[in-house]
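Using the sequences provided together with the hints, build the complete structure.
Heads up: the sequence lines are chains A and B, in that order. When we follow the numbering used here, the leftmost residue of the first sequence carries the number 1133, and every step to the right adds one. When we follow the numbering used here, the leftmost residue of the second sequence carries the number 1133, and every step to the right adds one.
Keep in mind the hints are simulated off the structure, nothing from the lab. This one's a predicted model, so the numbers in the text were calculated from it and none came from an experiment. Mixed in with the good hints, there may be bad ones.
Unchecked claim - Below 25 Å or equal to it, Euclidean Cα-Cα: the simulated DSS-like pairs (lysine-lysine) are:
(1) A:Lys1144 - B:Lys1203
(2) A:Lys1190 - A:Lys1159
(3) B:Lys1187 - B:Lys1225
(4) B:Lys1200 - B:Lys1166
(5) A:Lys1225 - B:Lys1159
(6) A:Lys1144 - B:Lys1200
(7) A:Lys1225 - B:Lys1187
(8) A:Lys1200 - A:Lys1187
(9) A:Lys1225 - B:Lys1190
To be verified - Which bits of chain A does chain B cover? Going by a derived footprint, with three or more residues having C-beta under 8 Å, they are:
(10) 1146-1159
(11) 1213-1225
Idealized CB from N, CA, C, for every residue including glycine.
There are 2 protein chains.
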Amino acid sequence: MDIHNIEEEQVKFLRCIGEATRLRILKHIIDGEKCVTDIVNAVGKEQSLVSHHLKHLKDCNIVIARQKAQKAYYSLAHHRLAEIIIQSESLVKELPVCQEKDCNE
Amino acid sequence: MDIHNIEEEQVKFLRCIGEATRLRILKHIIDGEKCVTDIVNAVGKEQSLVSHHLKHLKDCNIVIARQKAQKAYYSLAHHRLAEIIIQSESLVKELPVCQEKDCNE
DNA sequence: CTATATTATGAATATCCATTCATATAAATT
DNA sequence: AATTTATATGAATGGATATTCATAATATAG
Chain A
1133 MDIHNIEEEQ VKFLRCIGEA TRLRILKHII DGEKCVTDIV NAVGKEQSLV
1183 SHHLKHLKDC NIVIARQKAQ KAYYSLAHHR LAEIIIQSES LVKELPVCQE
1233 KDCNE
Chain B
1133 MDIHNIEEEQ VKFLRCIGEA TRLRILKHII DGEKCVTDIV NAVGKEQSLV
1183 SHHLKHLKDC NIVIARQKAQ KAYYSLAHHR LAEIIIQSES LVKELPVCQE
1233 KDCNE
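The structure is reproduced here in structure tokens:
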């Protein structure tokens, strides 16, 4: 795998987490695996849509799925993913737009 | 600015850096400001396209522009941006796909 | 065995977005 | 003043992708 493929993978990764519903899914499973129904309730979107996004996240190796009976449990594929999510959030708060708008939760 | 706007800004940010040409631009100016012509040569894309992407990056507060005579110099809007770029790259190398393919430059 | 609960999937649609092309603006050089 | 250099911009287009809908698949419960 050369540098170009790395960059392609990096773009694929960033684009994958850079979508509203997927980011909400990730933030919801950040503290441990959750089943699909649970995630659907948390993000407030259609089951079908959540399932599509979970597949997308899995194809990008961002989450892993564990099957237990008729339920599927999803969790982050790597502990460092949580760091990136947290750090990019805290960075965004420091960027000019947020600063101007007095950016605190 | 409440939590929802933060998340919107985070998505906007991640999506903005999650594009091949823009990521290449960012990696090229990571060590200091560069003029447009220089960036165009580095990324090997049309001047017009690079200009559009620079505008996009500026609108997202990811880069800042400095005008000097007829030249425009672009640089990262925040020192922590470099960290995110580097860290997401190193994280991607640790994800399953890259591991399988024996992922080293 | 039928019904219900849980998750996945394919097709269709609609929206978004990267790219190209043509052109504008503005400064510098001749 | 005319030409060249450097950068920006608006419109058009093609391709990607989020969402919805209908339905499949599979397991459990009654």
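The hints, checked one at a time:
1. As the CA atoms of Lys1144 of chain A and Lys1203 of chain B are separated by approximately 33 Å, the hinted pair breaks the 25 Å bound.
2. Restraint check for Lys1190 of chain A and Lys1159 of chain A: satisfied, since their Cα atoms lie roughly 15 Å apart, inside the 25 Å limit.
3. Restraint check: the Cα-Cα separation between Lys1187 of chain B and Lys1225 of chain B comes to about 30 Å, which exceeds 25 Å; the hinted pair is violated.
4. Taken as a hint, the Lys1200 of chain B and Lys1166 of chain B pair is honoured in the structure, with Cα atoms around 12 Å apart against an allowance of 25 Å.
5. As the CA atoms of Lys1225 of chain A and Lys1159 of chain B are separated by approximately 22 Å, the hinted pair is consistent with the 25 Å bound.
6. Proximity of Lys1144 of chain A to Lys1200 of chain B is assessed by CA-CA distance (about 35 Å); at most 25 Å being required, the pair is judged violated.
7. For the given pair, Lys1225 of chain A sits about 21 Å from Lys1187 of chain B by alpha-carbon distance, which is consistent with the 25 Å threshold.
8. For a cut-off of 25 Å, the pair hint linking Lys1200 of chain A to Lys1187 of chain A stands: about 17 Å separates their Cα positions.
9. Between the alpha carbons of Lys1225 of chain A and Lys1190 of chain B the distance comes to roughly 16 Å, so the proposed pair stays at or under 25 Å and holds.
10. By the rule of at least three residues with a Cβ nearer than 8 Å to a Cβ of chain B, the coverage given for the segment 1146-1159 of chain A holds, with 9 such residues.
11. A stretch counts as covered by a chain when three or more of its residues have a beta carbon under 8 Å from one of that chain; for the segment 1213-1225 of chain A and chain B the count is 9, and the coverage holds.
Hint violations for this structure: numbers 1, 3, 6, all remaining hints satisfied.
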